[in-house]
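Using the hints, build the complex out of the two chains.
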Amino acid sequence: MQIHTSEGPDKVLLLDYTMPSQAVMFGNLAVSVEDAIPDLPDIAFSANLCLEELITNTIQYGLANAPDHAIRIYISRSPDCLEIVVRDDAPPFDPFNSVPTPDIHAGVDERDIGGLGVHLVRTLMDEAWATYDGTGNLITLKKTLKQ
Amino acid sequence: MSFEFHLNTADGIQHLTLVGRLDSATFITLEKTINGLFNSAGDRVLIDFSALIYISSAGLRLILVAAKRARQVGGRLILCGLSPSVRDIFEISGFLKIMETADSKADAERALQA
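If you're matching them up, the sequences are chains P and D in order.
Quick note: the first sequence, position 34, residue 34 per the numbering used here, numbers continuous.
Quick note: the second sequence, position 97, residue 97 per the numbering used here, numbers continuous.
With the rest of the complex left out, here is chain D (with noise of 0.2 Å):
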């Protein structure tokens, strides 16, 4: 199982679907996509997680980096989807205190538009 990532923009919020296994091997053709997520302020994204069977700390830190860059330039991450395996690896990491998730992609995607 490889990974692959799809990123789609509706309605003003950017789609990130991650899909497979996020690890050390994988996690660097992500890295300028994630990198070019936020721009400006009000920017709005949706990581779509429900797809990815495995993240390790190569896929964590990406996470964090979007964390980061969205406080940076004022713009909304929401992470969704999560399986209970990957969100168990989250909280361990101390992720769930400081980034906004949902259940469902449709919660997200509320929550966006709000």
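Chain P extracted, bound-state conformation (with noise of 0.2 Å):
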């Protein structure tokens, strides 16, 4: 199966990893992202971070907490572009539109964590959107790296 868009000569596949749908296996998926771009350890931290939010979302309300699905997660790195894409076997679910934008600036009463995993995400990302193929949930995140 075809997973990548815009395959071009200067876009490089730099991950290509499989993890069961367990959140303990959150760490040592951190450690190989780390791993496949060492230039860039801020943006592995904000890459780890929105694959944890989207893959616990994806556990949680797609998978009904099952632990025993494959979820895969690709990176690569073009010139000016990180691409992370996370594919699941998953029913329909797009964390975009399901997900309530959280009030950021309530006081610490009035304050609910819902909806921060995804408002994370989209700040963190300049661009995230998911798509359903017949068979699972593409998620496609991209983040522009500055020359």
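One should not assume that every hint holds.
Said to hold, decoys possible - Taking beta-carbon pairs under 7 Å as the criterion, some of the chain D residues facing chain P (in silico):
# : residue
1 : LEU64
2 : ARG69
3 : ILE92
These are computed hints drawn from the structure, not numbers from a lab.
The beta-carbon is built from N, C-alpha and C at its ideal position, and this holds for glycine as well.
Structure representation (structure tokens):
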């Protein structure tokens, strides 16, 4: 299956990683992401946060916490962009249209944590969208790299 | 890299030190301790983030719980030692507007003793 769109000669696949649908595996994924882009530690931090928030949503809402599904993560890089793709086999689920936006201006008493994960993804990445291809969801994130 | 924490009391201030990765797998080990930090008016707590390399919304939720508890009982909470990356996450989350922070542990201790 062709996962990546707009493959170009200057776009390099840096990570093709499969993890089981278990939160306990995020630490291992984080090390692999850091190793894939060792010159971009700040972006690796952001990428790991976004991956955890989105995959946690998939595990909880898309897979009802079933621990035996495979989630595949691809990271590719061109001179001006890092692209992250997350592939699951869950029913259609678009986190960007399903989760309410949190009120980040609320006071301590009124403040609720719901929706914060997707808010972090939207803020940390330059582009983020999800599609369903008939067998699973494909989430694509893009982060512009400063020259 | 996993997660661990240490809780001790010095000069009437509880020091909670976070180490490693506070994520959706590890936050559960900290939950009970967070819930027990604030019990009466005047309780003072310092959370030291200087050895915390990563936090996600699962960990942020616990810090919000601590801030809510502090407010409920009339206690005081100061967060210190946030790395630039962790501080960014607090900023994006709107937490820097509703929580007190200090650059260093010494600054936090001074503020809590004042």
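Status of the hints after comparison with the structure:
no.	hint	result
1	LEU64	holds, 6 Å
2	ARG69	violated, 10 Å
3	ILE92	holds, 5 Å
Hint 2 alone, counting from the list given before, is not met by this structure.
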